[in-house]
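A.B. asks: Chain by chain, the residues:
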Amino acid sequence: MAEFQIPIKGYSEGFTPDKQPSLTTGYMDNMFPRGTLEEKIRLTQRPGLDKTFAAQIGGDTAPIVCILSVTTVD
Amino acid sequence: MATLYDNYSGTAEPYNALTLDNANDWAGQSFTTTVPFSLSRIDIWIRKLSGDNVGTIIVALYAVDGSGHPTGVALASGTIDDSAISDSTYAWIPCTLSSAYNVSASTKYAIVVHGTALDASNVIIWSYDDNGSGASDFAGGDLEWSTNGGSSWSTTTTGDLLFRCYGNIAPSSDKTYSRALIAIGNHEFWYESSTSTLTELTAANADINTVNPLTAVEAYQKVFIANKTNLKVADFLNTKIATADVGANPPDFGTVLTGGSSGAEMIVDYITTLSSACTIYGKRITTATFSSGETVTGTDDDDNAISFATSAVETAPPHWYDWTAFGGDSSFGALPASAYLVALYRGRLVLAGHPDYPNMWYMSKIANPWKWIYEEDDRLTAVSGNNVKAGEVGDIIRALIPFGDDYFIFGCASSIHLLDGDPADNGSIDKLSGTTGIYSWTAWCKDAEENLYFFGRDGVYKMTGGRSKPVNISRTALPKLVLDWALDPSLHRVVLTYDAKRQGILITKTTLSDGTCVGYFYSLETEGFYPVTFQTQNGIFCAYDYNSDTPTDRALLFGCNDGYLRSFLDTAKDDDTGASDTAINSYFGMVEPITEDFDREGVLTSLTVEMAGGASGGDFSDSDGCSYEYHSADDSETALEDLKDGATAWGSGTLSGTGRKSRIRSRIRGAWLGLKFYNSTASETFGINKLFGIIKQVGRIK
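Taken in order, these protein sequences are the chains called A and B. According to our numbering, the stretch in the first sequence is residues 1 to 74, in order. According to our numbering, the stretch in the second sequence is residues 1001 to 1702, in order.
Quick caveat, the hints were computed from the structure, so don't treat them as lab data. Worth double-checking, as some hints may not be accurate.
As the list claims (entries may be wrong) - Within a straight-line C-alpha distance of at most 27 Å, the following computed BS3-like cross-link-like pairs (lysine-lysine) qualify:
1. A/K40 - B/K1462
2. A/K51 - B/K1446
3. B/K1702 - A/K19
4. B/K1469 - B/K1446
5. A/K19 - B/K1690
6. B/K1469 - B/K1175
For reference, chain A alone in the conformation it holds in the complex (with noise of 0.2 Å):
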């Protein structure tokens, strides 16, 4: 019986597969070590992105450039 490793630190492609360091993978895409299931190290597929307000800042060709936000005392 063998166990096969699952590449829980991620990505790495500084050595030839052979030489792979441990508990890495030359090959991932959007997996996280925490991921969508529970709040557990574990290789996971990546949460997704959703909305956080409604508002759409200038339409659809327009990328907000700056975010942050001001406090004001009551």
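With chain A held as given, fit chain B onto it using these hints.
C.D. replies: Frame of chain A, contents of chain B only:
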């Protein structure tokens, strides 16, 4: 349970009666608070005439002006319905305010009562005592009445209407401030006008140019914006008043101004000119508000009398205006003509990025963003990178990174410099690195321990505590990162941001022209890199960890290519791409030896997978299924190449559900095994806990 506080319950029955029989008949009673409390209910001793329908009666709390008359807008209000009022006897009729108001101690306020349905046939009578008729005078205030809907008031000093104020002194809220999100895009400035609602500050529209570099910083309850020649302020603190002629002695920074009629007071923050027509921004410190046409007075720093007339009623924030020296006058110095970098350090506003002087930095006077004149013998003075010992940094400044009030990093094109302390008070500048700079103003972030991460000449660097020599943390795992990304500041934006929830740094490269976005998540827990790709709508142009007042809005926000603010949502299995969602293409591969002797082949007779989530349902979140494929090769690099190139697999299949799956009878033969697990199905996610197989050794590799 509300407690009775300030009240006048009458002393000499039968009372006198104040009759309201017109919508413009407004009655008021001023009173002076004895203690501070949260006023939540006002009871009034009233009745109506038999058979009357008085509609909705409004009961409101107002500030008073210098003459004791109600003034400004209502501080709080509530209503009484006709049905609650007796048409035969007087009674205490309660009015619960729509929101409680915290009254101050020893402060005079006025209770005002009126009704839009009142007329000669529908009448309210509010009783009052008159000490001229034998009652004791209520010392805290007087009867007020208006016959023109509150436009002007008269006082009956001997009269006192009967009222009772209820409230409590228990802490109603620990909240002492409000935080609002700001988002800038498409030459527009948007702010969170109420919880979770963004509203455009229309005065800013097209007054900034988001095609050009732009940065902004919060300071003094305002947002200061550097957008090349557009240096702007969004002011969320100050009240604005205007005059056609500010007079011979304009107010100074910090002058207290008083409205002659309203009694309103403000502390001046900024004025637009020192003469003629002028707009004055200041923090109003009274509940009374400035009115139009009143004379405003004060005394300037040189003891000169200030006097001018307002040309309009005051305007509440937010305001949008040009960021200049105080009064726009050179006697207070001048901001650089152009800058695209702004930061706050030691109470100074810091600017850099002048195209003619790209290695210069400029700092305002401490605690005064309007004063840019250089003054000797003043440790608080404005300073710039050529007038002090801690001088120019000698390289093109690309990022301004303050660390509290202690030290400041200048991230330059090819170097990094550290300003220690205050430049006007024995500060010093040292070069931390001459081998790497910082890619841009968005290409850095700090983690929770104030370690600095940035994208530099040869990848991702870390500076422990923000002031040690930079160490490249990506070179081993991603030796070709800079080469692969072919970064060009004219084509690409790099954004680094710290994800506190997932304990890592997200590093993205977005193509400016179309939003194509790739990147890596660097985990601080595993110290590993995880490639990510996003849809073009989701291309990340900026990011911000928003610590909202509203728990559900607290998130690491990404400013996306299509004008939406997005964040990672743990329950989201797809990416929102506007009108619809798009599946995430997630996968990982593995290359494993299946032989103990590399001169011989092995056979993987079976493969077993344990999917995440345990039993279906239950306490743990379940993985969806995934697909798999496996390849065989005599050498490891061929196995990896086959995975990447999509070569025909030896075998493939799908796994569904959670927990331990049935054995895959692979019967794959070779020296090396290439395994791939993937899922690109909408509304699905997957995770694998464990993977193991049975290997047998067979014949020689030919």
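A.B. asks: Hint by hint, say whether it matches the structure.
C.D. replies: Cross-check of the supplied hints:
1. A/K40 - B/K1462: Holds. A/K40 to B/K1462 sits at ~25 Å (cutoff 27 Å).
2. A/K51 - B/K1446: Holds - the C-alpha atoms of B/K1446 and A/K51 are around 24 Å apart, at most 27 Å.
3. B/K1702 - A/K19: Holds - the C-alpha atoms of A/K19 and B/K1702 are around 23 Å apart, at most 27 Å.
4. B/K1469 - B/K1446: Answer holds: B/K1469 to B/K1446 is near 15 Å, not above 27 Å.
5. A/K19 - B/K1690: 22 Å, holds
6. B/K1469 - B/K1175: 41 Å, violated
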